[in-house]
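**Student:** One letter stands for each residue in the lines below.
There are 2 protein chains.
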Amino acid sequence: MILDKINEPKDLKNLSDKEMENLSSEIRELIIKKVNEIGGHMGPNLGIVEATIALHRVFNSPVDKIVFDVSHQCYPHKILTGRKKGFIDPAEYYTYTGYTAPEESEHDIFKIGHTSTSISLAVGLAKARDLKNEKGNIIALIGDGSLSGGEAFEGLDCAADLNSNIIIIVNDNDMSIAENSGGLYKNLKLLRETKGESELNFFKALGFDYLYVDKGNCIEKLIEAFKKVKDINHPTIVHINTLKGCGLKEAEENKETFHWIVPHTLDNFYNSPTVEKENYTNITTDYILREAKKDSAIVAITPATPGVSGFNKKFRETLKNQYVDTGITEQHAVAFASGLAKNGAKPILAVMSSFIQRAYDQLSQDLCLNNSPATILVYWGGLTNADATHLTCFDIPLMMNIPNLVYLAPTNKEEYLAMLDWSVKQNKYSTAIRVPNIDVISSGIEDKTNYSILNKYKIEQKGSEIAILGLGNFLPLAKKTAQKIKEIFNITSTVINPRFITGLDEELLEELKKEHKIIITLEDGVLSGGFGEKIASFYGSSNVKVLNYGGKKEFYDRVPLDEIYKVCRLKENLIIEDINKVFNLVKL
Amino acid sequence: MILDKINEPKDLKNLSDKEMENLSSEIRELIIKKVNEIGGHMGPNLGIVEATIALHRVFNSPVDKIVFDVSHQCYPHKILTGRKKGFIDPAEYYTYTGYTAPEESEHDIFKIGHTSTSISLAVGLAKARDLKNEKGNIIALIGDGSLSGGEAFEGLDCAADLNSNIIIIVNDNDMSIAENSGGLYKNLKLLRETKGESELNFFKALGFDYLYVDKGNCIEKLIEAFKKVKDINHPTIVHINTLKGCGLKEAEENKETFHWIVPHTLDNFYNSPTVEKENYTNITTDYILREAKKDSAIVAITPATPGVSGFNKKFRETLKNQYVDTGITEQHAVAFASGLAKNGAKPILAVMSSFIQRAYDQLSQDLCLNNSPATILVYWGGLTNADATHLTCFDIPLMMNIPNLVYLAPTNKEEYLAMLDWSVKQNKYSTAIRVPNIDVISSGIEDKTNYSILNKYKIEQKGSEIAILGLGNFLPLAKKTAQKIKEIFNITSTVINPRFITGLDEELLEELKKEHKIIITLEDGVLSGGFGEKIASFYGSSNVKVLNYGGKKEFYDRVPLDEIYKVCRLKENLIIEDINKVFNLVKL
Chain E
207 MILDKINEPK DLKNLSDKEM ENLSSEIREL IIKKVNEIGG HMGPNLGIVE ATIALHRVFN
267 SPVDKIVFDV SHQCYPHKIL TGRKKGFIDP AEYYTYTGYT APEESEHDIF KIGHTSTSIS
327 LAVGLAKARD LKNEKGNIIA LIGDGSLSGG EAFEGLDCAA DLNSNIIIIV NDNDMSIAEN
387 SGGLYKNLKL LRETKGESEL NFFKALGFDY LYVDKGNCIE KLIEAFKKVK DINHPTIVHI
447 NTLKGCGLKE AEENKETFHW IVPHTLDNFY NSPTVEKENY TNITTDYILR EAKKDSAIVA
507 ITPATPGVSG FNKKFRETLK NQYVDTGITE QHAVAFASGL AKNGAKPILA VMSSFIQRAY
567 DQLSQDLCLN NSPATILVYW GGLTNADATH LTCFDIPLMM NIPNLVYLAP TNKEEYLAML
627 DWSVKQNKYS TAIRVPNIDV ISSGIEDKTN YSILNKYKIE QKGSEIAILG LGNFLPLAKK
687 TAQKIKEIFN ITSTVINPRF ITGLDEELLE ELKKEHKIII TLEDGVLSGG FGEKIASFYG
747 SSNVKVLNYG GKKEFYDRVP LDEIYKVCRL KENLIIEDIN KVFNLVKL
Chain L
207 MILDKINEPK DLKNLSDKEM ENLSSEIREL IIKKVNEIGG HMGPNLGIVE ATIALHRVFN
267 SPVDKIVFDV SHQCYPHKIL TGRKKGFIDP AEYYTYTGYT APEESEHDIF KIGHTSTSIS
327 LAVGLAKARD LKNEKGNIIA LIGDGSLSGG EAFEGLDCAA DLNSNIIIIV NDNDMSIAEN
387 SGGLYKNLKL LRETKGESEL NFFKALGFDY LYVDKGNCIE KLIEAFKKVK DINHPTIVHI
447 NTLKGCGLKE AEENKETFHW IVPHTLDNFY NSPTVEKENY TNITTDYILR EAKKDSAIVA
507 ITPATPGVSG FNKKFRETLK NQYVDTGITE QHAVAFASGL AKNGAKPILA VMSSFIQRAY
567 DQLSQDLCLN NSPATILVYW GGLTNADATH LTCFDIPLMM NIPNLVYLAP TNKEEYLAML
627 DWSVKQNKYS TAIRVPNIDV ISSGIEDKTN YSILNKYKIE QKGSEIAILG LGNFLPLAKK
687 TAQKIKEIFN ITSTVINPRF ITGLDEELLE ELKKEHKIII TLEDGVLSGG FGEKIASFYG
747 SSNVKVLNYG GKKEFYDRVP LDEIYKVCRL KENLIIEDIN KVFNLVKL
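Protein chains in written order, with our numbering: chain E, 207 to 794; chain L, 207 to 794.
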C-alpha cells in the first residue's frame, strides 16, 4: 500500500502521479469501510479525497494552515496527517473525532462542527500572520452548501478586503445536505457551466481573484491550480467542481442519503426498508401533512437539515409550496418565520437544538419582540454522547431567558400533539416546542389542555414532603425517582410535569410550600441558566430546600451518556442519596 | 405648509412635483430641529426623505408593505403616516419611538432596531402573501452598511429564489455608521461609478433584476424607478445612490459624527470641544494605544460601531493596521478574533451588549470551544431606559452560560485595568469583560490580583448575618445597602465583589454559610438565567436564604430607569423591606 509510507503530509512530496492516484483509491476504500461500519459522513469525504491529497502535496501544513469548514470532510486529511490507524484498525475507529481537533494533531487548527465559520477564522489567522510579519498560506476549504450561512458571507466580505494572502477553496459539489436553494447557487451553476468564464461572478463581484477547476476530483488538475495560487499576495478563490460521494456508486446517486449515514447503511441499501416505528419525527410530519392539506397557510421550514425533522422526499413533494428549505440560514429562517407569521401564515420551523444557537438574536428581536406567532420545533434537545461541536444541551438557557417566548416541553405523544396544534393555530405568542428526544410514550388519552393559559404545571402525582419537577424528557426519571423514594423513605412524593419551560407556575409553587420540604428539579440540558435555577431562586427566601439536577456547564466531548448521568447524579439512586444527605431520612 | 394636508400616505397622491419638493424641505427642517433638540439619528433620516416620499407616492401602504432595516431611518415615514405631531410639537417629541413600531401605526410592520433583518422579514411577508393568494408589493429598504450583516445575505440569497414580487431598495449612501469596509463596498462603488452598468454586479450575480437610480435624493427620478418596479413579479433590487445627511451641511461633511447625535450637537458644532472627563471608554482607548505601541500583535476590532468604544479618528489613525473595522459583522468579528488569537495575535473586540446577541454561536463554537485567548469588551451592559430594540441587559445570561468563557465584572478603574491587562496578556482563556457602565470610581491603589486564579470573589467588607454580592455596576448599591442595613438593623453585613460572572467561588460561598443567614445578590441585567439564580441554586439545599435582585425578563420599552429599579426592588430601602419581610428583624 502507498499509505504505508505516508505518516505526515511531507511524505506526499515525492509520490508519482500514479502513486497519488492509487493513494486516493486506498483512502477511499478505508473511508467506505469504516463509515459503513460505524456510521459518519460518507459523501463529503469521498468527494474531497483528491483535493486533500493535492492540498498536502502543494502546501506545507502546519506552516501553511488549512481550515476545514464544518470539518466533516476532514477524514482524508486525518488519514494523511498521522491518524491513519483510526481508519485502518477497527479497534482504533473511535480514537479520533469526526471533525478537526487540535488536540489530535498540529495540522488541525480549530475544533469545528458548525458550518460557515472557516473563512472568518482564516481571516483571523491571516491577519495575525501579517501583524507578526510572518509568511505562509492561509487556506479555508468551504463547501458550496456552507456558503449560504451568514457568517460565511461576513467572512468573505472581510476576506476580500485583506491586502494579503488568503486562499478560499470552494468545494462545489452542487449539494448541501439536501439540494441547495438560494440565488447564490444559480451563480455557482452558471460558473460550472461556463467553466468559470461567466462575467456574472459572485466572487469577482466581491473583489476576489478567481480560479476555476472543472475536474475537482483530478489530482493533477488540482495540483496545477494550487501551485498557481500558492504564496499569492491577495485574496483568491479557487472554485473546484467535485463529485459528492465520488467513487461509491450508491453515494454518487443518492447524495442526500449518503451525506451522513448510520452504521451499515451501505450493506442494507438494496434491502427493502423496514417499516419505521412511531417516533416524534413521524408524528410531527404526519401532523403537518394532515393540517397543511386543510390550511394552505401552513408552511414547514428547514434550514437545510430536513433529515433532522424527517422532512423526506415524499413529505416535500406532498407539501409543494408549503415546504421551504432556506439553505443553511438559521438567522434568516427565524426572521422568515416571523415575517410569515406576521402576514397571517402559519410557519413551522424545524431546527436542531445545536443549530438554533445560530439565531439567538433573531429569536429575540425578529421573532419575540414582535410577538410573531410562529412555531419553532427544537429537535434532539438533551444531554448526549455527541461530539463537543454538536451538543444539544444549551437550547433551554439559550431560549428560556428570552422575553415573550413560550417554550414548551411535552412529555408524551398526546401532550406533544396538543401543544403543536395549539401553537400552530393560536396567533398571540411566539412559541417553541422541545420535541421529545425519547421513545414515544402514549397516554392513550387526548390532551385537551388549553395552553393559552400560560405556565400551568401539571400534577402527575400528588404527595407530600418531596416534590419532583421532571421537565420534558426527564418526566420518566421523576416518576422513577418518586417510586424509589416510596420504596426507601416510604414517602409519596408529588410529581410535577412543568410543561412550560419559560415560566413559573407561581401559584402551584407557592402551594407546594405548605406540605413539602424538598423540591427536586430535573432537566435534560445544562443546569446553568436553565429551568431549575429559577425554581431555586423562587424558593430562595423560604424554608423549602431545592435540589437542581441537569448537565454541567461543559463542552462534553463524546462522553458516554451514562457517565454524564453519573457525574451529574441524574439517576434515581443518586438523587435518593442526595436527599438523604440533606435530611438524614434513613440509614442508607 | 404642505405638511398640513398630509395625514396619511394617500394624501401624497395628488401633490405636484413642486409640492413634493417643498414637502421634503419641510420634513427635513422638522427632523433637523427635533434631532438637534433631543438627539437621535440625523444623517440616515436626512438622506432618505425623498425616497420615503416617493415610496408612499407610488406604493399603497399598508396593503403594500415596507420593511425598514434597522428602522433608524423611519422619521420621514413616521411624519407621512399620521405621526407628524411627534416632530412638530416639542411636547410630543417623545410620543413615538425612533424606530418602526406596529403599536403606533398600521404602516409599521415590525419593531426593529438591529440591522440586516429587513430582507428576511420581507421574504416571510411575501411568501405569506403568496400562500394566501393575495396581491401587493413587499418592499425592504436596507442601507448599504446593513448589507454586510450575515442575516442580510441569508435573506438576499433566499429572496432571489422567491418566484414572485419582492422589491429590495438598497439605500446606498456609501457609509455605515463609519466608513464601510469589505469587498461588497468596492462593488457598490463600481456600480455607482458606472451608473449601475458594470458587468460585475453582486446583485445580478445572485439572480436579481437590478435597477440603478443615480439621483437618490431626486423625488422625480425615484418615482420613475419605483413605478417601473411596482407590481413586478420577480425579485428586484433598486439601488439608489443617496447622500447621508442631505440638506444639512454639517451632516453631509461629517457623516459619522451626525449619524446619531446627542442633544445640541449641531448648536455646539463650531464651539471648541470641551475636554472629555475620564470615563471607561477613554481609559480603554488609552490602554490600547499604550500597549499596541509596545506589542504589534495587539489589534483592536469593532464591528462597525467604533463610537460605542471611543475608537475615534485619532485612535484609528494611530493604530493603523492594528485597528480593524469589520463592518456590521458580529459573527465574523468573534470568529476573526478567535483566528487572530489562535495564531498568536492579541485581539480586543469591542462590542455593545445589545449587539453581541448576534454572535452567541460564534462565542460558543468559534471562540470558547477552541479556548482562543481573545478579549471581548462588552459595552453599555446594564438595565437602561432605552428602546426595546436596544436593551443591554441580556449579555449576562447570554454569555455566562457558555462553557470555558471567563466573563469578568470590574467595579472600579484599577480593577478594570488589571483585568484588561491580564486578559490581553494571558493565552489560556477566552475572556470577556463587562466594561463598567457607571461613572469612574478609582480606588487609587493598583490592583495586583492574579486573575488566572479563576472565580475568586473579593470580600470588600467582612461582617455576619447578611452577605451582599454586588456584581459589577451594582457594587455601589451593595455598599449602600450594607450601610442602610447597619443603620436599620445594626448589623454589619459582608459585602462581596464577585468579579467573575462565569463561576462560583464555592469555597467562599461555603464559608459564608457559617456566619450568614441571608445572601443577597445584585446584578445589573435580567435575573433570568443570570448570576443570582446560580447562587440560589448553590444554597438550595442549605439553611441559608437567598434573595436575588435584577431586571425582569421583559422587553422594557423606554421605561425610566428609576421605575425599573422600583419594580425590581433594586433600591436599598426596598431591599431592607424584603429582608425584614423574611426575618422580621425590626418593626419598620
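Note that these hints are calculated values from the structure, not bench results. Mixed in with the good hints, there may be bad ones.
Identical chains share a label here; the pair holds if one copy fits it or two copies do between them.
In silico SDA-like links for lysine to any residue, alpha-carbon gap of 25 Å or less [claimed, not checked]:
#1 Lys401 with Pro296
#2 Lys787 with Ser748
#3 Lys719 with Glu783
#4 Lys720 with Glu693
#5 Lys526 with Asn339
#6 Lys634 with Ala594
#7 Lys520 with Cys424
#8 Lys392 with Glu405
**Student:** Please name the hints from earlier in the document that this structure breaks, with their numbers sorted from lowest to highest.
**Tutor:** 1 and 7
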